[in-house]
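The listed protein sequences correspond, in order, to chains A and B.
In this text, residue positions in the first sequence follow the numbering used here: the first is 558, and each later residue adds one.
In this text, residue positions in the second sequence follow the numbering used here: the first is 529, and each later residue adds one.
Any given hint could turn out to be false.
[Said to hold, decoys possible] With a straight-line Cα cutoff of 25 Å, these simulated DSS-like cross-link-like pairs (lysine-lysine) come out:
| hint | chain 1 | residue 1 | chain 2 | residue 2 |
| --- | --- | --- | --- | --- |
| 1 | B | K584 | A | K710 |
| 2 | B | K647 | A | K719 |
| 3 | A | K719 | B | K641 |
| 4 | A | K913 | B | K661 |
| 5 | A | K699 | A | K710 |
| 6 | A | K865 | A | K719 |
| 7 | A | K719 | B | K649 |
| 8 | A | K972 | A | K958 |
| 9 | A | K735 | A | K681 |
| 10 | B | K661 | A | K927 |
| 11 | A | K719 | B | K584 |
[Said to hold, decoys possible] To spell it out: a stretch of chain B is covered by chain A in this simulated footprint if at least three of its residues, at any positions, have a beta carbon under 8 Å from a beta carbon of chain A; those stretches are:
| hint | region |
| --- | --- |
| 12 | 602-608 |
| 13 | 658-670 |
[As the list claims (entries may be wrong)] Using C-beta positions, here's what the derived DEER-type ranges look like:
| hint | chain 1 | residue 1 | chain 2 | residue 2 | range |
| --- | --- | --- | --- | --- | --- |
| 14 | A | D918 | B | K584 | 33 to 43 Å |
| 15 | A | I1005 | B | G845 | 32 to 42 Å |
| 16 | A | A794 | B | G663 | 30 to 40 Å |
| 17 | A | V1000 | B | G778 | 41 to 51 Å |
| 18 | B | P718 | A | D918 | 31 to 41 Å |
| 19 | A | V805 | B | G845 | 40 to 50 Å |
Derived by calculation from the structure, the hints in this document are not laboratory data.
Idealized CB from N, CA, C, for every residue including glycine.
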Amino acid sequence: MAKKIVVDPITRIEGHLRIEAKVEDGVITDAWSIGTMWRGIEKILHGRDPREAWYWTQRFCGVCTTVHSLASVRAVEDAVGMQVPLNAELIRNLIMGIQNVQDHVIHFYHLHALDWVDIVSALKADPGATAKLAQSISDWPKSSKDYFTAVQKRVAAFVGTKRLGPFANAYWGHPAYKLPPEANLMAVAHYLEALDWQREVIKVQAVLGAKNPHPQTFLTGGMSVPVDPNAQNALNADKLMMIREWLVQAQEFVEKVYIPDLLAVASFYLDWAKYGAGVQSYLTFGDFPTAEGQRREDYWLKPGLVRKGEFPAAAAPQADKIAEYVTHSWYRYSGGDNKGLRPWEGETEPNYTGPKPPYPDQYVSDVDAKYSWVKAPRYDDTPFEVGPLARMVVGYAQGHKEIKETVDFVLQTLKVPASALFSTLGRTAARGIECLIMARKNVEWLDILAANMGKGDLRIADNDRWDPSAWPAEAEGVGFHEAPRGTLSHWIRIKNGEIANYQAVVPSTWNASPRDPQGQRGPYEEALIGTPVADPEQPVEILRTIHSFDPCLACAIHVLDARGREITRVKVL
Amino acid sequence: MAENRDPIANTSLEQYLESRGVSRRDFMKYCTGLAATLALPLGAAEKVAAAIADDKRPAVIWLHFQECTGDSEALLRASRPTVAELILDYLSVDYHETIMAAAGHQAEQARAKTLEEYKGKYIAVVEGGIPTKDGGLYCCIGGRSAVDIATEVCGNAMATIAVGTCSAYGGIQAAYPNPTGAVSVSELLPSIPVVNLPGCPVNTANLTGTVAHLLTFGNLPQLDRYKRPLFAYGKRIHDNCERRAHFDAGQFVETWGDHGHRQGWCLYKMGCKGPATFHNCPQVRWNDGINWPVGAGHPCVGCSEPGFWDSMSPFYGRLPNVPGFGAETTATKIGVGLTVATAAAFAAHGVVKTTQLRMKKD
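Bound conformation, chain B alone (with noise of 0.2 Å):
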């Protein structure tokens, strides 16, 4: 469980000049200058000061290693705040390799110039896996391995937000057999803060509520044992899913299309994982709650739980060891029933497919 660490720094900028032994008054001697060098109308240098001053908008250092950039894809879908908010107003994205304008040892020196300047009080937000194999070079930036690049930005960040699946456990690329030897932020480095946003992509309101989280209360949010937050993943799918009183009604899809699925019925014979996800996807849904896998007619596959890949496929099969529907059962006997059921099944599901796999190998 990560602790609650402060991310704004208490000290103000006077103050801080002050230590540093710069006046007021050159303060403000410099800000005339930016105002006149950014052409400026006079009297903009008060404004400017006070734009300086205010300034507490967290540093940001967001890394990229074996990943899609779906997870930047969502980041750019966010709009409470929108993306334009976020970059500009709310927090200082110093080093993002999708959306930066500077390129090679420019890029690089954005990040070392964040990492000394907010040592210990930037965030680092990590996007895919991170391969350990044969010294890690199977992912290298500017000619350094992911596992470097990680431990130094991770290793010296006020706290690591982990987005998707990817970085929160490893994601495809450690499915079996893993051949790069991918693992995630938690597992490179088990003693550093981190927050864990699987899902695939990370769904970007659990994003900014984590940011919100961040700048409203000063502190991380309460994690589960995944380090997942609460407030996105406690709940589990199918017990909030629009489609559960299908489900306890015995009214299942049978085939694509058929008139049980024209009327939105339960997916569970389609192969639905959702009995064994916890994730917020039926509340908050995606792209402002627009829809959710289940809401256009495919089954939930469980993508923010760990190792989904390999515990959960075939995606298309059906849950395993599911009490069955007699007319006798009622639908809490199911919904403790399943509760237990599922959690211990799929514990063994994973380990017995990842078996098969390895048994079909050698």
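The shape of chain A in the complex, shown without the other chains (with noise of 0.2 Å):
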């Protein structure tokens, strides 16, 4: 018997997203996903100086805090030709390689965990067998019986105020939970210790970047944050320490907690490397410039595709294929809403023609209709998936060291193969993964940084290119960057020093993006077909691949068009 599902809101995300899934059987044999909100940035950007163009972008997403703002001041960059130095491409570096670590951290435990580790389990837990678990698998130092003996009674009076705050109401007890209550507890003391760290290791965001979230450092054309290793209100040497000593931090919580958390509880839910895999297509544009003027093939990160089957050969991408639909989204394109736009032609009207709120018990899904404020980025009309494992499938393919060590390190541990990647376990472990070669790489950055500086550049920005009467009339340019959830990309267009048109396309917006004109349906779409239900009214299997993605749904709305279009009336069928 076909029965349709709805999960909304979906939570533990950022943003607002409604999963509707046809069940047979007990498993999804259709699904949509559908962005609920629409904040209409699109008019505002137009005739703003594009200098500030990052201040206003990066409040796209406070979750990914400050993606935006680098993939903005390249697009101006690439367009004025600003050249950077060489200290802000390792200011930005280091800005977002914490950001990654930290970001992936806090979605393993807090958004991502409660999938799988069930709190309530934790209070049935032996202490003394929990510190044998814990010192089995990782020489952190927090793991003695006493300690977890304390984090278990702090959850016992908490439960036992019968007030259970964020934690009511979820499938605690659910059969699918499968970890021992010795891993429960463990993973719930690592739950708490990640919060506390995690507030730590960003303060290089604030030594860099004022402050996080939303640091606000960022300049066209370099960072604001001057160097002189003999200045008081410069980035010195006491700073420079400062920040290593929160890198060293964030490296050694990857290494000793999070990846063996990871491994201890995938090795629980292997079954989890059947389900969940989707469109199969990945596709990263690289970044982590070492280098002043480097070419994006020469990054840390480098770009390519993995198409579906074509497992491990990887092309490179090249941006003009990329092209946006929206005939099931809610917006209308002048050409008719079948044709795909390029960004830099793309158009943002909104013909919302869902239900007219409240709609608690219908559906909004309709295979012939438009459903989402989400629009279906594609690239060469083939539905791509961004993000860690996308990243990560590129790099193994491409033989990148850091990347086939590592990946290779992770399925001999849990003895499996390499396509076991492609899947909702290998989508969770990817990001791990990536989080721990980017722990050991941040610290790398501060080194040539430092070293960069003792020579004696002290440069920060490009001052000869600041002022737009150095511009050109007319420029358009586009800005890449490789975001915690996948490859984002900021077009711009300026006409006499001011705004003309601008455009972003999101990692959130590849993945959570609605069906195309070919009816091909997106990478969170994809991924849940084929995905067991054992109770329809506790999909706790949905949120598990759809969290395996890490969705940012309030990026995903944030599609621009600056191009001062009047906002047509919205027909309300």
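Take the two lone chains, each set in its own frame, and fit them into one complex as the hints suggest.
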């Protein structure tokens, strides 16, 4: 018997997402990914100063905070030919590097773990056995029986209040939870530790970026944080040492807590290597320069794409093959909704055709109609997944040293073949793998920065091209960044020093996209096909696969088109 | 101005249970059962009973609308108390989409339960603007519009804390031309008690400070005319800026990375909006007092002021009509002049900027 189920809101994500799925005989046979919020920032940037676009677009998202600022300044720099000094490139790498590490750890413990970890079961754990388990997988010092006893007492006192707050009404006791009580207790302890850890290590962004979330030191052409080993108000040896301490603390936690936990939890859920594969085409545009004026192909992470069945060959992607469709999105294109538009030609006219709120008991999805505020980006008319899994698959195919070594280590530890990567479990594991190599890389970038400063290079921005009077009258540019959730690109057209058009193609737009005119499902939708659902009233399995993508819906619906066309009145059907 | 209201119920749990016909004996029996269910050691029933009876944590419903979750991320950076202490020990955060374990209708049920059981006693926290255009269809959660949910949840709360510039003033989506008709909590519901904690994002110290004020004094802090607590928004950034002496001395950053920039001179010429912004940014700073925008060499953009997206941009443009810096002008005079001049200039500037954009469109 087919049954359609709705999960809205999908919690433990950024933004507003609704999933509708058709379940037949306990297995999902069709699915719809529905973005339910639109902010309309599209119109707002028109006519504004391109140099401040980074500050506006940074507000697309405060979770993957600041990824948009980097893509934005790069778009302007590309358009008007700004040269970014090495110091600024490295400071950007460090800000983004710690962002990636912190974001992945928060995702694992605070957004994703509760799909696998049963907090209530932790109360039944034997703290002694938990200590043994923890010590068997890591030499992390917080692993004594007394420590786990204290954590358990704290959880017991909390549960004893009968007011479970954010942990109330969840799927506790669901048969899909497989961890023994001891593993659950260990994970709960690390959930709490990670909360403290994330607050500390992100202070790297406070030193280099003034604050977090939303660092405030980006400039088109550089960064605003001055460097000078002999100045009190600049980045000097003292501040570099502060940063180093946090980077080491970050790396230690990832190596000794996150990765061992990930592997331990994964070993209980190896059946999830069978589900959630999705579109199995992966795309990355590469990132992290380590020299001034470096070409994209020479960045630390290299551009590449892997198509279905072509693994392990990775081809180089071309920016002009990206197009966005709105056949199933609540927008209309002037030239017809079934035609894809390149980002620079993008249009964002809302055309809502969904049910009028309140609609709690109605289905929004319809295979023949529009059903989401998210557009459908396609590369070469094909749906592609972006994100850590895409980067690790492409890197593996390219033989990238750190990626290959770490992926092989994880596959061997779990005793699974490389094809296991194409799954819900693989997606979750890839995020950990990336986090580990990134945590190690951060320290190297700091060393390069210190060495460059030591040589007397104090340049931090391209002052020659700061003033718009030094720019061509008309220019267009694109800025790419590999954000924690995947490939991000900002596209800008500048006319007489003002923004004439601005468009962003965002990781969660790629992944959360609805169907395209050919009826090809987006990556979330495709990944849900074949997923078992034991109890349609408690669809924890849907959360597992959707969370494995780390959805960020605020980003996804912030497609920009600042050409200043008036928004037509929305007709509610 | 919001009134002072008691956030914590005065009735003890036992009085409450008695009023519902539950005796102390029944209650202890229930606790023993609960302890057994949770596999707690024998004798734990008394402790459980004490924990429940002492549980005066205010219930909190945290709503997300048109936002970027930056304010929730700011909450995660809290250190006094920490976020774990906040969500486990100080507050009962019964609904918060980013952190809660439940999803879908179970999540909605959790919210409905708190609404019913703590009506008029829970704290509503709102993050994000509220789109009002076209029947509110631009933001729906569980099939209900943000307008609908905010009206119900904030309307029945003891008080509402609007965290961040979006819920305090409408935020980035409310910047011209405001395509979705985004408004703040106070604009949607003018008659309910609201504390605005603007900032992009909210400084977590001001959020924990407001919660601490509620827990310590049992009432809401005193607010200014924009409903901002005086303890956090009572003074101008410019008056507390660590670089003020350079402003008074006429020492300014001229280009990025120049001598003055490295020496921490005044950022006024690079577009700093500190002279027109009220916020405790220079004092509490961010991330446990590590830094703040001016400290990292970037001008203030005035993110805690109403409509700053329109009124303070272009962000790299200088504040208009600031008095000159002649050698004969004393620092005091400049300060006094600024207070009046910038307030007036900014009110005018906001209008001008918005009008300019509007004229361009038309």
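Outcome of the hint check:
1. The straight-line distance between the Cα atoms of B/K584 and A/K710 is roughly 19 Å, inside the 25 Å bound, and the hint therefore holds.
2. Proposed proximity of B/K647 and A/K719 is supported: the alpha carbons are some 18 Å apart, at most 25 Å.
3. Taken as a hint, the A/K719 and B/K641 pair is honoured in the structure, with Cα atoms around 13 Å apart against an allowance of 25 Å.
4. Taking the CA atoms of A/K913 and B/K661, the gap is near 13 Å; set against the 25 Å cutoff, the hint holds.
5. Of the supplied pair hints, the one linking A/K699 and A/K710 holds, its CA atoms being roughly 16 Å apart against a limit of 25 Å.
6. Restraint check for A/K865 and A/K719: not satisfied, since their Cα atoms lie roughly 49 Å apart, outside the 25 Å limit.
7. Taking the CA atoms of A/K719 and B/K649, the gap is about 18 Å. The hint holds against a cut of 25 Å.
8. Of the pairs offered as hints, the one joining A/K972 and A/K958 holds, with about 21 Å between alpha carbons and a cut-off of 25 Å not exceeded.
9. A threshold of 25 Å between alpha carbons decides the hint, and for A/K735 with A/K681 the separation of about 14 Å falls inside it, so the pair holds.
10. Between B/K661 and A/K927 the CA atoms are separated by roughly 20 Å; this keeps the pair inside 25 Å, and the hint holds.
11. As the CA atoms of A/K719 and B/K584 are separated by approximately 12 Å, the hinted pair is consistent with the 25 Å bound.
12. Residue count for the region 602-608 of chain B with a Cβ under 8 Å from a Cβ of chain A: 5. That meets the three needed, and the coverage hint holds.
13. Under a criterion of three residues with beta carbons nearer than 8 Å to beta carbons of chain A, the stated coverage of the region 658-670 of chain B is upheld, 11 such residues being counted.
14. Checked against the hint of 33 to 43 Å, the pair A/D918 and B/K584 passes, with Cβ atoms roughly 37 Å apart.
15. The given range of 32 to 42 Å is respected by A/I1005 and B/G845, whose C-beta atoms sit roughly 35 Å from each other.
16. Against the hinted window of 30 to 40 Å, the Cβ-Cβ separation of A/A794 and B/G663 comes to about 59 Å, which falls outside the hint.
17. In this structure the supplied range 41 to 51 Å holds for A/V1000 paired with B/G778, their Cβ-Cβ distance being about 42 Å.
18. For B/P718 paired with A/D918, a C-beta distance near 32 Å keeps the hint of 31 to 41 Å intact.
19. Taking 40 to 50 Å as the suggested C-beta distance range, the pair A/V805 and B/G845 conforms, at roughly 41 Å.
The earlier numbered hints that this structure contradicts are 6 and 16.
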